[in-house]
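Peer 1: First to last, the protein sequences are chains P and B. Residue numbers for the first sequence follow our numbering, beginning at 1 and rising by one. Residue numbers for the second sequence follow our numbering, beginning at 1001 and rising by one.
Calculated directly from the structure, the hints in this document are not laboratory data.
Looking from chain B toward chain P, a few residues come up when the C-beta cut is under 10 Å (computed):
#1 V1042
#2 E1062
#3 G1196
#4 Y1245
Glycine included, every Cβ here is placed at the ideal spot set by N, Cα and C.
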Amino acid sequence: MEILRYYIALWAAKLSIVALKITKHNGTNFPGVLALKICPRFLKYAAKPEKIIAVTGTNGKTTTSNMLLDMLTMDGHNVLNNKMGSNINSGIASSLIYGSTIFGKCKHKVGLFEIDERSAVRVFPYMKPDYMLITNLSRDSIMRNGHPEYIGDILTKYIPKETKLVVNADCLISCGIAPENERVYFGIEEMEGDIKECINLINDIQICPDCHNKLEYEYLRYNHIGKAYCPVCGFKAPEYDYAGVNVNVADMTIDVKDAEGTGHYKLLNESVFNIYNVVSAVALLRQMGYSHEKIESFFEKLNIVGSRLHEEKIGDKTLIKLLAKEKNAFATSRVFDYISTLPGDKEIILMNSCQGDMKHWSENTCWLYDCDFEFLNQDCIKNIVLCGPRRLDHKLRLLLAGVPEEKLSYSEKEIDAPDQLKLFENDNVYVLYGTDSIGLGNRVAAKVRELMKGGRD
Amino acid sequence: MDKTIRIEVLFPEIANLYGDLENISYLKKSCPEIEVAETHLVGEPCFMEKTPDLIYMGTLTERGQRLAVEKLAQYKAKIVEMIEAGVHFLVTGNALEVFGGKITDTNGSEDCGLEIFPIHAKRDMMKRFNSLYLAKFVDGETAMDIVGYKSQFTHSYWDGEAGEGVFDTVRGPGLNPEITKEGVRRNNFLGTYVIGPVLVLNPPFAKWLLKEIGAGDVELAFEKEAMEAYEARVKEYSDENTGFYY
Ligand SMILES: [Zn+2]
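Chain P on its own, in the form it takes in the complex (with noise of 0.2 Å):
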C-alpha cells in the first residue's frame, strides 16, 4: 500500500510544483516536503536515474558539485542535480520529483547530487550512488555536527556497501569512512607554501590511529590536510591514485597524474582549498572513464565562477565580499588566512555574529575560540570594525589574539560599520558576511560602495 502513498505523494508534490509557478511562488524544496510528508520513504520508490553521483564532505561539496554539473553537462548530459535546491533529504526528494513524469519514470540518465553528510541517514538507504566524493572532514557548526569524528561515523554507517569512494588522501579523518567500500585517492604532492607542522587551533586527527603517538607530516597546508604518517609504527596515510603535481599558481594550472597519464589543468582559484576542488573533479571523472584531454577541454571552458565577482574596483580602493561561515571556525580560518596573504593594506568589516540565532536563543561562541583569529594579527590589516550582537566577544578575540586595541572600531548596527572605515588610499575593504546575512552583507557593501564613490577625506 505504501506505493500507493508514493503515487499520492508524487501527485500532489507534482501540483504543488505547477500551484508554485502559477503564484509565482519561490519554493524550490517545497514539493520534496511535501512528497515526505505525505510518503515518509518517497525516496525508496522515487524513481532515480541510471548513473548517481554524490559528493559530500565538510568543505568544498558546493563548488565541487557546481562544477561537475558544469563538466557533465559539456559532455550532452542532462544532468539531474540539486543545485538550486537544498542538500539534505528533501532537497534529493524534489530533485527527484522535478526528473521524474508523472507516471513516475526518471527522465534523466545521470543524477548528481551534493548530499549534506548528517543526512546520509535520510538519503542512502534509498538512494546507491555508483560514486561519492568525499573532499573532506572538519569541525563545523558545534550544535549540528559535533565533531567531524560523528560525522565519519555516520557516513560509515550509511554510505551503500556498493557505492565506489573517491576520497581526499589528505584528509586522515575522511581516509577512515566506510573501510569495507572499494575506494581511489587524490591529493597533491608537495608545494610552494606547505608547512610541517600545524599552526593552526583545530587540530582534529593528531594521533596514529594504530599506535597514538603524535602523527607526523611530510607536508602540510592547515589543519589536518596533508600527508601524514607516523614516526613511530611506520603508519602512513594511503597513496594517491590521482596526485595533483607542479601547481603552478603564476600560471594557474596543475597537473594530475595516475597510473595512465598526465593530465595538464586549468585552476580556477588561487587557493588551496580550490586545488583540492579541483584535483578532486578530475579524479571523480577518470574514475567515471572520462580521458585527460576530455576532461581539460572540459576546464577550458569553465568559468571562472565567482573567484573574482565578489571583488569590485572604484577609484583607487578596492570593495571586497567574502562569505565567512558564522560558527564554521575551520572555513572562517581559511578566509581569514587568504586574506592575510593578499597584498596591500587592509580595512575589514566583520559581520561574524550569527543572525539567525539572535531570533531564537543566542549565539554559542565557542567557535571564536576554535578559529584562528590570529591570521588577522598583520601589519596589513589597519581596521577592523566590529558591529552586531556578538562585537564584544569578537573584540575580546582580537585582543586576545594581539591584535592592538587602536586597530579595532566599532559600530553597534552592522549597517552603520562602514562609517568607522578610514578609506585610506588604494584600500581593501572586506566585507566578511556569514549564509544568514547574505542580504545584510550586500547593503553593507553598497553602503562601502557609495562611501568609497563619494570620496571622503
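Given chain P, put chain B with the ligand in place with the hints provided.
Peer 2: The following block gives chain B with the ligand in isolation, referenced to the frame of chain P:
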C-alpha cells in the same frame, strides 16, 4: 606568587573540542609565570612525577573518551589520592564522564569511565542537546553568576542520592535536565558539562580559580573587555525573552 604554579593539561591531542583549551591559554596569558605541562596518551602522566596545582581536561570525541579512560585506568589510585588531598581539577564537557561510571548508548553499546564518582551517563548520538547556561557559583564567601554553553550527546545521573555539584543552575539543565545541581564537585575537583572557554566567558571564575591554585589576585588578560562581555552576557541570559535552547 611565591612559587611556580604548575598546570597539567591531560591529553590535549584528543581533549580539545569546542575551544576548551583556551581555558588554559587564558590563564597563561593572564599569568605568564604559570608553567603548563602536557600529558599525552603515550608516556607517563606528569602528575606521577610531581603533583601539579591544577589538572585540566577538555571535551573529547566518544573514541577519545575511551582512550583517555584506558590510559588513566592504571593511574586511578593516584588520581583518587590527589582528589582526596584537595588538588584542583577543572574538567569540562564530556571529560566529566571519564571520571564517572557507565556510559550507556541508545545503540546498545556501553562504555565505562574510571568509576571515581557514582554517576552514569546516557548517550544518544542522534539527539544532540544544545542550550545556553546560566548559574550561580558559590564557594564560601564567594558568589558569582556563571554563563556558558552546553552541547552534548549525553546527560549524567547520580547512581543514588545526588552528590555535590559545581554550579547551581538558574536556566538550562543541571547534571541532567531533571536536577538543578550542575556538574560534579568533590573537594577541589570541579567537573562540569559546560563546554568551551568557560574561564574566558566568566572572568570572576577565572580570578577565583587563579587565587585558589595559589597565583594570588591576578589581573586577567584584557580583564576590562572580558568583564564587559561577561556582564552583557549575564544580562542577556537573565532576560526571559532570550530563548535558551537551540
Ligand atoms: Zn603509529
